[in-house]
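Chemist: Residues per chain are reported as follows:
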Amino acid sequence: MFKEWWNSLSESLIAAGALVRFLFRLLINSPRAFLRMDLIVQQTYNSGALSLVIIMLSGLFVGMVLGLQGYQLLQRFGSEEALGTAAAIGLVKELGPVVTALLFAGRAGTALTSELGLMKATDQLSAMEMMAVDPIRRVVVPRFLGGVIAMPLLAAIFSMVGLYGAQLVGVQIMGVDSGSFWSQMRASVGIVDISEGIVKSCVFGIACSAIAVYQGYYAAPTAEGVGRATTSTVVTSAVVVLFLDYLITAAFL
Amino acid sequence: MQKSRTLNLGTGLFVLLGFAALFFLTTQTTSRGISFGNAPHFDVTARFDNIGDLKVGAPVSISGVAVGRVNKIEYDSKVYKAVVSLRLDAKYNQIPSDSDASIFTQGLLGGKFVGLSPGGAETFLKDKDQIDQTQSAIVLENLIGQFVANFAKGSPNASSVDSTTAHTPHVMEKTK
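Residue numbers (this note's numbering), protein chains in the order written: chain A, 12 to 264; chain B, 580 to 755.
Treat the hints as calculated values from the structure; they're not laboratory data.
Nothing here was measured: the structure is a model prediction, and the numbers come from that model.
Certain hints may be false.
[As the list claims (entries may be wrong)] No more than 25 angstroms apart at the CA atoms, straight line, and that leaves these computed lysine to any residue pairs for SDA-like: (1) LYS634/B - GLY89/A; (2) LYS691/B - GLY89/A; (3) LYS691/B - PHE88/A; (4) LYS691/B - GLY101/A; (5) LYS651/B - SER715/B; (6) LYS691/B - ILE184/A; (7) LYS634/B - SER206/A; (8) LYS691/B - GLY201/A; (9) LYS634/B - VAL182/A; (10) LYS691/B - GLY186/A; (11) LYS582/B - PRO146/A; (12) LYS634/B - GLY694/B; (13) LYS691/B - GLN80/A; (14) LYS670/B - SER189/A; (15) LYS582/B - VAL64/A; (16) LYS691/B - ASP655/B; (17) LYS634/B - LYS657/B; (18) LYS651/B - ASP628/B; (19) LYS582/B - LEU61/A; (20) LYS691/B - THR606/B; (21) LYS651/B - ALA661/B; (22) LYS582/B - ARG47/A; (23) LYS582/B - GLU126/A; (24) LYS634/B - SER199/A; (25) LYS634/B - LEU179/A; (26) LYS705/B - SER642/B; (27) LYS651/B - SER189/A; (28) LYS651/B - ALA198/A; (29) LYS634/B - ILE202/A; (30) LYS634/B - PHE683/B; (31) LYS582/B - ALA122/A; (32) LYS582/B - ARG149/A; (33) LYS691/B - ASP679/B; (34) LYS657/B - GLN714/B; (35) LYS691/B - ASP204/A; (36) LYS634/B - GLU653/B; (37) LYS705/B - ARG666/B; (38) LYS691/B - GLN183/A; (39) LYS705/B - GLU653/B; (40) LYS634/B - PHE88/A.
Bound conformation, chain A alone (with noise of 0.2 angstroms):
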């Protein structure tokens, strides 16, 4: 009993210790990824572009959800006024950049570790190293800068469309004066809010994309190994993105 927690816990030391080596060594190798724009455009557009839809329809319902919420409960108060406050707050700190990347990985991730487990399991990545391609590269290298140039930009256009939700919601439904919703939404929220929402976004991008790649590069290379990386792609990226929010909101306090 004891011996099986304790191999588990092993197990996922080495786990999240391979995952860091894993990043660095994609670090390392993507100044170089530069070199071949093309690449990176299009794993741009694979992850960023393609997940637009669900991005801007997600943050437009989150949005007008804390229209409401915030609403009802600052009517209470008296204070239906602030409701841009904290509906900008809320959406551009917390709600933009983990709603965005929990979706990210939902959407793009698992797209990613699906791709990299099948070209494994079809022996794809191994006929390359015979032709002298490093599969790091020239598959691995795009796919992760191509999630990380996309993933603050969609957190940016998960905010702005959330905030528009919140200003439909609490404005023009539910009769908040627009003025004060944006007046006091100016004087209270800082560049620092701002900039905390963008680091955030920008190391949850990281995160998931080394995650989605990792998992797909040491995917089983069987059919259920392929969907097992896909599975845990989801899972390791919620954990980690969730306590990342955490570590990095403590630092910003």
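Given the coordinates of chain A, work out where chain B should sit on it, guided by the hints.
Modeler: The following block gives chain B in isolation, referenced to the frame of chain A:
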């Protein structure tokens, strides 16, 4: 080749949209704002002894209806007053020129706004006019101070307390 062109276009649009969103967040949600476009309007000024935490962009209302916004807040060091510029919608051009301006609070935790109450003059407010009758923001600390001072004077009955809180903020002051 055609495929890679549309791919580049899609990526370019995505990146553009992303940076537009970042630009929107940094300029439109923070105090380093840039405002776009304006409906027809006219500006009047009002001088207050104390504006509390009135902010640029706060609404200006008559009878609870928003008719404009606070456009600019400055301090006039000659007369020691805050000069608040009110940008009123051009369609409300029939506000009597002797109307008075007061600073009120929205709700318990809400921000401040400027309330206008119409006077009886035949002439109307025009661009660059000044509102003479103003009433400052109610500063809670001052009210409590007065309350405590009255209490210490030895008349702690309900009526004197009532008169303090009821009358202090309503003292109209004539500018200059």
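Chemist: Which hint numbers doesn't this structure obey?
Modeler: Every hint satisfied by this model.
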